[in-house]
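> So the protein lines, in turn, are chains A and B. Here my numbering runs 468 ahead of the position in the first sequence, where the first position is 1. Here my numbering runs 138 ahead of the position in the second sequence, where the first position is 1.
In short, the hints are calculated from the structure, not lab data. All values derive from a computational prediction rather than experimental measurement. Using N, Cα and C, we set each Cβ at its ideal position, and we do this for glycine too. One or more hints might be untrue.
Claimed, not checked - Per the computed footprint, the stretches of chain A lying under chain B, defined by three or more beta-carbons under 8 Å from a beta-carbon of chain B, are:
#1 527-541
#2 656-670
#3 693-705
#4 715-728
#5 768-778
Said to hold, decoys possible - Taking lysine to aspartate or glutamate and the EDC-like style, the derived pairs with C-alpha atoms no more than 16 Å apart in a straight line are:
#6 K908/A with E483/A
#7 K918/A with E592/B
#8 K601/B with E916/A
#9 K238/B with E562/A
#10 K612/B with E483/A
#11 K612/B with D759/A
#12 K612/B with D625/A
#13 K612/B with E471/A
#14 K598/B with E916/A
#15 K612/B with E562/A
#16 K908/A with E562/A
#17 K541/B with E274/B
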Amino acid sequence: MQEGKPLQSRQINRELLLTILNSPKWFFTTISILGMIVLVAMGAAGYMINQGFGVTGLNRPVMWGFFITNFVFWIGISHAGVMLSAILRLSKAEWRRPATRAAEILTVFSLMTAMTMPLIHTGRPWRTVYWIYTLPFVPYDYARGIWPNVRTPLVWDPSAVYTYLTSSILFVLVALIPDFAVLRDRTTGMSHRIYGMLAMGWQGNARQWKLQIIAGVLLSALILPVFVSVHSIVSWDFGMAVSVKSWHSTIFAPYFVVGAVHSGVSAVAFVLILLRYVYGWQNYIRHEHIDALARLLVVVATGWFYFLVMEILFGFYGREADEIAVRDYQFMVSPWNIWMFIFVGVTYFLPVAIWLSRSARRNLWIMSIACISVNIGMWLERFLIIVPGLARKQLLTFDWYTYTPSAVEWIIVGGTFAMVTMLMLIIARVVPLIPLYDIKEGEILRTEIKVGRVSVPATFRED
Amino acid sequence: MAASETKGHGQHAGMWVFPDASTISQDVSEKSRTMAKPFTMALVVTGILFILAIVGFIARAADDGFDEIGPWGYYTAVFSMIFMVTSGAPLAACAFRFTKSHWRRPLSRVAEIFSIVGILNLLMFIPMMIFLPDLENPAGAVEHQMELRRSIWFAGPIGAPHAWNMAGVAFLVITAMAILWTSAVADMGEARRTATGFKGWLYRTLAGGWYGTKRQWNVQKAGLALLGAFYFMTVVFMHFTISSDYAQSLIPGWKDSIFPVLYTVTSFQVSLGAILVALFILRRWGGYEGYIGKSTFWSASKVLLGITLLWIYHLFAFFITFWYGRLEIEQNIIKYLIVDTYSIIFLLNMAFSFVLPFAVLVWNPLRRSDWGPSLAGLLALIGGLMFNIRIFVGSANAAPGEKLYHHFMEHVPAPAYPDIWDVFMVIGGLGAAVFIYLLSTRILPVLSIWEVKEGTLYQKWGKLHRGEYLVLGKPE
Numbered sequence: 469m470q471e472g473k474p475l476q477s478r479q480i481n482r483e484l485l486l487t488i489l490n491s492p493k494w495f496f497t498t499i500s501i502l503g504m505i506v507l508v509a510m511g512a513a514g515y516m517i518n519q520g521f522g523v524t525g526l527n528r529p530v531m532w533g534f535f536i537t538n539f540v541f542w543i544g545i546s547h548a549g550v551m552l553s554a555i556l557r558l559s560k561a562e563w564r565r566p567a568t569r570a571a572e573i574l575t576v577f578s579l580m581t582a583m584t585m586p587l588i589h590t591g592r593p594w595r596t597v598y599w600i601y602t603l604p605f606v607p608y609d610y611a612r613g614i615w616p617n618v619r620t621p622l623v624w625d626p627s628a629v630y631t632y633l634t635s636s637i638l639f640v641l642v643a644l645i646p647d648f649a650v651l652r653d654r655t656t657g658m659s660h661r662i663y664g665m666l667a668m669g670w671q672g673n674a675r676q677w678k679l680q681i682i683a684g685v686l687l688s689a690l691i692l693p694v695f696v697s698v699h700s701i702v703s704w705d706f707g708m709a710v711s712v713k714s715w716h717s718t719i720f721a722p723y724f725v726v727g728a729v730h731s732g733v734s735a736v737a738f739v740l741i742l743l744r745y746v747y748g749w750q751n752y753i754r755h756e757h758i759d760a761l762a763r764l765l766v767v768v769a770t771g772w773f774y775f776l777v778m779e780i781l782f783g784f785y786g787r788e789a790d791e792i793a794v795r796d797y798q799f800m801v802s803p804w805n806i807w808m809f810i811f812v813g814v815t816y817f818l819p820v821a822i823w824l825s826r827s828a829r830r831n832l833w834i835m836s837i838a839c840i841s842v843n844i845g846m847w848l849e850r851f852l853i854i855v856p857g858l859a860r861k862q863l864l865t866f867d868w869y870t871y872t873p874s875a876v877e878w879i880i881v882g883g884t885f886a887m888v889t890m891l892m893l894i895i896a897r898v899v900p901l902i903p904l905y906d907i908k909e910g911e912i913l914r915t916e917i918k919v920g921r922v923s924v925p926a927t928f929r930e931d
Numbered sequence: 139m140a141a142s143e144t145k146g147h148g149q150h151a152g153m154w155v156f157p158d159a160s161t162i163s164q165d166v167s168e169k170s171r172t173m174a175k176p177f178t179m180a181l182v183v184t185g186i187l188f189i190l191a192i193v194g195f196i197a198r199a200a201d202d203g204f205d206e207i208g209p210w211g212y213y214t215a216v217f218s219m220i221f222m223v224t225s226g227a228p229l230a231a232c233a234f235r236f237t238k239s240h241w242r243r244p245l246s247r248v249a250e251i252f253s254i255v256g257i258l259n260l261l262m263f264i265p266m267m268i269f270l271p272d273l274e275n276p277a278g279a280v281e282h283q284m285e286l287r288r289s290i291w292f293a294g295p296i297g298a299p300h301a302w303n304m305a306g307v308a309f310l311v312i313t314a315m316a317i318l319w320t321s322a323v324a325d326m327g328e329a330r331r332t333a334t335g336f337k338g339w340l341y342r343t344l345a346g347g348w349y350g351t352k353r354q355w356n357v358q359k360a361g362l363a364l365l366g367a368f369y370f371m372t373v374v375f376m377h378f379t380i381s382s383d384y385a386q387s388l389i390p391g392w393k394d395s396i397f398p399v400l401y402t403v404t405s406f407q408v409s410l411g412a413i414l415v416a417l418f419i420l421r422r423w424g425g426y427e428g429y430i431g432k433s434t435f436w437s438a439s440k441v442l443l444g445i446t447l448l449w450i451y452h453l454f455a456f457f458i459t460f461w462y463g464r465l466e467i468e469q470n471i472i473k474y475l476i477v478d479t480y481s482i483i484f485l486l487n488m489a490f491s492f493v494l495p496f497a498v499l500v501w502n503p504l505r506r507s508d509w510g511p512s513l514a515g516l517l518a519l520i521g522g523l524m525f526n527i528r529i530f531v532g533s534a535n536a537a538p539g540e541k542l543y544h545h546f547m548e549h550v551p552a553p554a555y556p557d558i559w560d561v562f563m564v565i566g567g568l569g570a571a572v573f574i575y576l577l578s579t580r581i582l583p584v585l586s587i588w589e590v591k592e593g594t595l596y597q598k599w600g601k602l603h604r605g606e607y608l609v610l611g612k613p614e
């Protein structure tokens, strides 16, 4: 039997456009609260820029802390969009349909948020202009023969992230065109004009659909290498640093990518559960979809765990004193060993134990706990890579130090979570977070096959 | 007689086959019984190669003994090549069964039969236990040398790594055979009624209690899932130990956490390649065209393309990290395995494992054919062989004698070229694997009959608007 009842086209339009055409009562209150948190975080960032890094917990040798951890974390979350959208689109997984749009949009916002972190971390954000532009009115560094080192991953990194951001936005916009046309036909005044412009003359004729599908497939295929390169390059920010022994590991690139997919897909599953609850989309985000995401996550999580084991094992394999010092700090010294224990537990053992049970996969509360647990763990993972590595970077023990984040850092990091939530809610007022045409197509293609006395869910295959 | 269905809309034409479920068992049994002349020829040729391998092995043992690993580099390489295929292929059957892919149905048994070839691996591994150097430096604590060479086993446990590796390989082969038996028991249960002689005895013995009750089917499916999950973990672990003990730990200073992953990815690539080649032969010359549709090649080719891309990605992740670091210890590894000593083998490895398969697989028209993916599979197999020669011959000859206990490779050694016995062992070893596979297809039906029959229940042609399309059911 197919899960969920058949949906009519009009019903799909009505229910999924409800968030855009009408605002629920809680909407503005929530936006205001989130906006306040973001403002406070911006204030904290301003204060830090004004006062200097002294107000943070950063100090030699631990010069990377919460900000860079948070940067890597949000880059990781952004991997869900492409993972779900491009890969599942190419593999024609039917259950992808309600999840793709939210995942793609989450990608865009988390990337934007991620990019604020290194800017804040520079302490003098305006100086980053020297990295990027070769304009005559900002010649300061060039005049002294100082040029960005294009061979450093710190230059590859923004290039990759901005390429990913650009292609993700393009990916979202192309997928949105048919839905913009639906909105164009249901709005008036300024909204009508804006949606009309965004719909780019979409009439839904056969040629337009064909082009839209081809563009979707092509973009899916093209964005995949970008998706892989982004987190690989982020990992090489660490991996290329030979002076930090625990970072210089060949496995970092795939380890980071799989970890990113792990946290990103968990985040998308949680967002879908929230959307189902908040907007009452039970007909669209069904238990089968969350179940499928959880099964996918079992595989991803296990892959990630394998990489983690390899990374740690080969850390010990070399039996080099400076690397052993880092591992000793991670595994034997409190509180890092406690964090390490929590990190592995909440990232792998707890969620996977949950996901192995079918009834747990279909219980949205339990699924929410599992998904949040993964993301707490993945944030910790980045923190536990960065700080102990730097704390034991120096060869001589009198240069060893630790790191304790300050209130300013906590506020700024907290603000990024509020910012992504706020942006997701705002965008839900502008575009449908579940793609209308994808759901409609799924409804047309779904059917059943009778095997003996049992009806089995089936789909028409176009290719 | 099974019929290939060519009706339908657009791309479906000729892609999917709709066999006649009522005649599959009889038809496949007949095909298994008859022995075509080309098959007999292949059996003879590979049998001769098998003998060559034995000759090469005896000659190598007589010439060099088992004290040093250096002369056994090519032997280790061919072991690893066969190991990659035989360990990865059953996993392909399990994985595609797990994802409930319909196109996998004709592929499952073809893949699982490779587990019988695993017996060859088990036999080949016995001398490998003997010539693997000890972890402890026989000279003790010498200056500028390690007392204990780098290994994933560190200082123990007892018998490590030799006995543990042997136990692991044996365990892997047994698990793979268990998967094969669990999968084939239903087919053997049906075939025992008509089979005579040795086959009849074998089927009656192995499928004695099978009556196809609902409970038995449930147990069989649960068993396949559990064994598959267990096998997956064992494969990954054994790839880790073999790639570390017989490669990485033999090159002083090579500390590369991605290498076990690259080894596993290469194994997946070559095993899928071998499966595709076997499927192509069965479809083109074995009379199985009515069962093996192009959809199987088309879908498997996408997986092969993905694995091929993963292969180059992992290789690049290794290379860039070592290259960028500019550390002498890492530069020497790159010089030895990539840019200097084994550069030609490396280029061949790159060409056959990535460039050529990628060029073939990236074209839709080629992927839609049966020969395109099979060609890519064949190329990947050649690439896999180059990979194994580069890594295992390189590792076996990187640090002879006490140099193995040095902290890192101070000088880049010269390449180890094969002699006639090495050639015998490499070609003969591969021939032996094919020989055992061919023999196995005489014993077991090469098609998973129950899975193909089950598949016919879940596929049909259905009308949608003005067209006729394929409808595929996906049970929970």
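> Now look at each hint and say whether the structure bears it out.
Hint check results:
{"no.": "1", "hint": "527-541", "result": "violated (count 0)"}
{"no.": "2", "hint": "656-670", "result": "violated (count 0)"}
{"no.": "3", "hint": "693-705", "result": "holds (count 3)"}
{"no.": "4", "hint": "715-728", "result": "holds (count 7)"}
{"no.": "5", "hint": "768-778", "result": "holds (count 3)"}
{"no.": "6", "hint": "K908/A with E483/A", "result": "holds (13 Å)"}
{"no.": "7", "hint": "K918/A with E592/B", "result": "holds (13 Å)"}
{"no.": "8", "hint": "K601/B with E916/A", "result": "holds (13 Å)"}
{"no.": "9", "hint": "K238/B with E562/A", "result": "holds (13 Å)"}
{"no.": "10", "hint": "K612/B with E483/A", "result": "violated (28 Å)"}
{"no.": "11", "hint": "K612/B with D759/A", "result": "holds (15 Å)"}
{"no.": "12", "hint": "K612/B with D625/A", "result": "violated (42 Å)"}
{"no.": "13", "hint": "K612/B with E471/A", "result": "holds (12 Å)"}
{"no.": "14", "hint": "K598/B with E916/A", "result": "holds (11 Å)"}
{"no.": "15", "hint": "K612/B with E562/A", "result": "holds (11 Å)"}
{"no.": "16", "hint": "K908/A with E562/A", "result": "holds (12 Å)"}
{"no.": "17", "hint": "K541/B with E274/B", "result": "holds (13 Å)"}
Consistency with the previously given hints fails for numbers 1, 2, 10 and 12, ordered from lowest to highest.
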